[in-house]
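Trainee: Letter by letter, the chains look like this.
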Amino acid sequence: MGHPVFNMDKEIVARVARAAHIKLSEEELEKYSKDLSDILDYFKVLDEAPDHEGAGVNPVEIADVLREDVPDQRIDSAELLKDMKTYDNYIRGPKLV
Amino acid sequence: MSDVQTLKDLKKLNEKYEMFNAFCEDGDLGDSKFLFSAKDNLTSSEYETCAGSKILGGYRPVFDATSIANLKQVGGKLVGKTNMDEFGFGTFSTNSAFGVPKNPFDRERSCGGSSGGSACAAAVLDDHLSIGVSTGGSICCPASFCGTYGIVPSYGRVSRYGLIDYGNSLDKIGLLSVDPAKLKEYLPVIAGKDPMDPTSCIQPELKLTGRKMTSVAVPKEAIEGISTDVKNTFLKALEDLKSMGIEVDYVDMPELKYAMPAYYVLATSEASTNLARYVGMRYGQQEGDLTQKFDDYFTSFRSQYFGDEAKRRILLGTYTRMEGFRDRYYAKALQVRMVVIDAYKKMFADHDAVLTPTMPFVSPKFSDISSMSPVESYKADFLTVPANLAGTPHLNCPCGYDGNGMPIGMQFVTDHWNEDQLVTMAMEWDKQFEVRKAEVKV
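Protein chains in written order, with numbering that gives the first Met the number 0: chain A, 0 to 96; chain B, 0 to 441.
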C-alpha cells in the first residue's frame with residue numbers, strides 16, 4: 000500500500016523511550032533499534048491485509064452494563080495503605096515541580 | 000500421591016522444577032478438598048504477587064482474584080503462585096525475574112510460556128489443577144510443551160478481577176490439568192458474571208451439555224512450516240479423530256497470516272499503557288529518592304526494574320500508538336481482528352471447530368532459545384495467536400510424543416461461548432489417548 004520501509008533509527012527509539020519513561024544505555028539503544036526495525040519489518044504484512052468496516056476494541060460485543068451507584072467499601076483502606084509509603088494517610092510520591 | 004504428601008514435597012519439587020514463585024510452606028491441608036495453583040499475575044492474599052517482574056517485588060495484595068476466590072469457595076487450597084514470563088511477555092517462560100521453570104519431561108527444555116509454571120505444576124503434581132492466563136497463547140503453548148490439557152474460555156467468560164493486566168482486550172483466564180474431568184468440573188466454578196469485571200457481564204450462561212463434535216476444519220496454512228515430528232503426530236491424530244466419527248476437512252484460511260502482526264500491535268499497545276502504572280509508588284518496589292523530580296523518579300524505577308522483553312514491548316507499543324503511526328498499526332490491527340473473527344465464523348458455519356497443531360515444534364532446549372531473535376520467538380506463536388486475537392475459546396489436547404518423549408499437542412478452536420464442545424472433546428479424546436505422566440522423582 001505504498002508505505003515506505005521504516006528504519007527505527009536510534010533517535011526515534013530514544014524519543015519513544017523518553018515518552019515511556021525508560022532510560023536506555025547506548026548499548027540498549029543499539030539493540031532495541033535493531034530489534035524494533037526487524038519487528039516492524041515483519042509487521043509490513045499488515046499493509047496487505049484487507050480493511051474491515053468494524054474495528055471494535057473488544058473481540059466480543061461488550062454492552063454497557065449500567066447500574067445504580069451504591070456506596071461500598073470491600074477493602075479496608077488501612078490495609079491498602081500498609082505496604083505503601085505514606086505520610087498522614089496520604090501516599091507519598093516524588094515532587095511535581 | 001496424597002495431597003498431604005504433595006504438600007510435604009513441594010519445596011523439593013520446586014527446587015527441581017522452579018515452577019513456583021511463592022508456595023505453601025506450612026504443609027497444612029486444613030479442611031480443603033483439593034489443591035490448586037495459580038499463575039502469579041493473579042492476586043491472592045496469602046502470597047506475594049509479582050507477575051514475574053522485579054518491579055512488583057514485595058507486592059502483597061489484600062484481595063483474591065475472582066477465579067481464585069471461586070475455587071477456594073468450593074474447597075480448593077491455593078498451594079502456590081506459578082512462575083511466568085514477566086507480565087506474560089514470552090513463549091518459553093525464560094523472561095521471569097524469579098527463575099525459569101524446567102520441563103517435567105526434560106529439564107534442559109522449556110515449559111513453554113507464559114503460563115510455564117502452571118503447566119509444570121499440572122504435569123508434576125498429582126491430581127492437580129492450575130489456573131493459567133492466555134493473552135496470545137500462554138495456556139495452550141505450555142500445555143502442549145508439558146503434555147497437559149489446557150482450556151482457554153471465550154474472552155469475557157471468566158472475570159479478570161484481580162488479574163494484573165497485559166492486554167485488556169486479549170487476556171483470558173483458563174485451566175490446565177492432565178485430567179480433563181477437572182476442566183469440566185472447575186470451569187463452571189471460575190466462569191460467570193462478576194460485577195467487578197463488566198466485560199464478564201455480557202456472557203450467555205455456560206452450559207456443559209456433553210455435545211460432541213462431528214466435524215473439524217484443518218487450515219492448510221497451519222501445517223506448513225512445522226516440524227516433521229509435529230506434522231506426523233498431528234496427521235496420525237486426525238486419523239484417530241476420524242475413527243471417532245469426526246469428519247476432517249482441509250480448508251484455506253489465508254487470513255491467519257495477518258493475525259500475528261495484528262496481535263503484537265494490539266498486545267504491545269495495550270501493555271505499554273497498562274505498564275505505565277509501575278512507577279515506584281503504591282505497590283512493589285518503592286525504595287527511591289523522593290526528592291527527585293517525578294520524571295526522573297519514575298524513569299529510574301522503570302529503567303532499573305523492567306526486564307529486557309518488557310522494555311522491548313513497552314517501546315514497541317508506545318511507538319505503534321504514536322501520532323503519525325497509529326492508523327498504520329493500531330487502527331489497522333483492530334480491523335484485522337474483525338477480519339480474523341469473520342474468517343473463523345465462516346468456518347464455524349459448516350464445522351464445529353478449527354483444528355491445528357498447537358505449537359510448530361516440541362519444546363526447545365534452553366540453549367536453542369537463547370539464540371533466537373525476538374521475531375523468531377514471536378513467530379513460534381503463529382498457531383496459538385489467531386484464536387487469542389479473536390477471543391474464541393480453545394483447547395490443547397496432548398496427542399503424541401516425539402522420539403525423545405517430548406509431548407506434542409493439538410488445538411481445537413470453537414465459536415465464541417462454545418466451551419461445551421471443547422470440554423466434551425477433551426473428555427472423549429482422553430478415553431482413547433493415554434496421556435503420559437512425566438517421571439518425577441523427589
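I should point out that these hints are in silico values taken from the structure, not numbers from a laboratory. Keep in mind that this is a model prediction, so the values were computed, not measured. A portion of the hints provided could be inaccurate.
Quick partial rundown of chain B residues pointing at chain A, CB under 8 Å, derived from the structure [claimed, not checked]:
id	residue
1	1
2	10
3	154
4	280
5	311
We put the CB at the ideal spot given by N, CA and C, even for glycine.
Trainee: For which of the previously enumerated hints does the structure constitute a violation, in increasing order of number?
Mentor: 1 and 2
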